[in-house]
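Visitor: Using the numbering used here, you'd call the opening residue of the sequence shown number 1 and step up by one each time.
Please keep in mind that the hints were generated in silico from the structure rather than gathered at the bench.
Quantities reported herein were computed from a predicted structural model and do not represent experimental measurements.
Note that the Cβ used here is the ideal one computed from N, Cα and C, for glycine as well.
Cut-off 30 Å, straight-line C-alpha distance, at most; resulting in silico cross-link-like pairs (DSS-like, lysine-lysine): (1) Lys37 x Lys192; (2) Lys93 x Lys222; (3) Lys159 x Lys67; (4) Lys37 x Lys159; (5) Lys280 x Lys93; (6) Lys67 x Lys192; (7) Lys192 x Lys159; (8) Lys222 x Lys280; (9) Lys280 x Lys37.
Listed next, with one range per pair, are the computed distances between beta-carbon atoms: (10) Pro200 x Arg58: 22 to 30 Å; (11) Gln212 x Ser62: 45 to 53 Å; (12) Arg28 x Leu292: 18 to 26 Å; (13) Gln212 x Phe42: 16 to 24 Å.
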Amino acid sequence: MIQSFTTVFQQIVILFIMIAVGYFCSRRGILSPLTIKELSRFIIYVVTPCIVVESFHRPFDSSMLQKMGIVCAAAVGAHVLNIILSRALIRDKEQNRRVVYQFATIFSNCGFMGLPLQQAILGSDGVFYGAVFIAIFNVFTWTYGFILMGSHGKKVEIKKLLLNPGILGVTVGFIIFITSFRIPHVLLVPIKSFAALNTPLPMVVIGYYLSQITTLKVLEDKNLVITTVVKLLASPLIALLMLYSAGVRGLLLTSVIISASAPSAANTVMFSVLFNRDAKLAVTLVSLSTLLSLFTMPLVISLAMSV
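Just need the whole structure built from these sequences, with the hints factored in.
Guide: Structure (structure tokens):
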């Protein structure tokens, strides 16, 4: 387990060096809120679909198709577990704050933080299963998350659900996988080049959010502490126990736990701004959970790798 912990910790330190670049660029005024907003959109709409498509670009394998089903079930279970925990443990009379806490507890940064780590530790197979987790993440985000953060009775837009970049990337990738379609070289090279940006660019964005923490007084907020502990430790450890009890092992288990143990989703900030919730609280939750994940993710992931 010590070797696994060291391996994971080393990879996360590499990611945090990239995060530090984003942090110092933000503090020096090189990065502005508008830059980060546009960079986040570029990552979501271009980079993430490219790495998903690249990870699915492989000959069809029926055994991997079966494992995809297991990951889907595990991802659904992880999100349902987080919903239950958030509703049971988060208490705040102010709705604007309560829904932000709950959203941050439910949704993990499985794309920005999960995929780079899966790629570094597990390779293309880890990214393959990570992409499946992201597909379920997107379904929950644009249904339950949309309603939670303040749709105010609006119906979920089926078009927005089906045509968001996360679902589209997985859909295209899945078709490529089951048909064993070979992408022409002239298209594959740009896809791989954009996919290679999946590690540095999201880390820069996270570094910007970390720079927004200006005081440690936020730690006096009980709900913030509860949200962070549940998101980074309680939830992934319960998920690990449940998956292990169900017989899930090896790379499959590790890939799912990487996604589940990632800090609060960057979407927490985006949705807070979109629905006029407490955006400052959202930034604090994302930043603090990302910082603390330097210590919690190696612990949880190395445990998954060693069982």
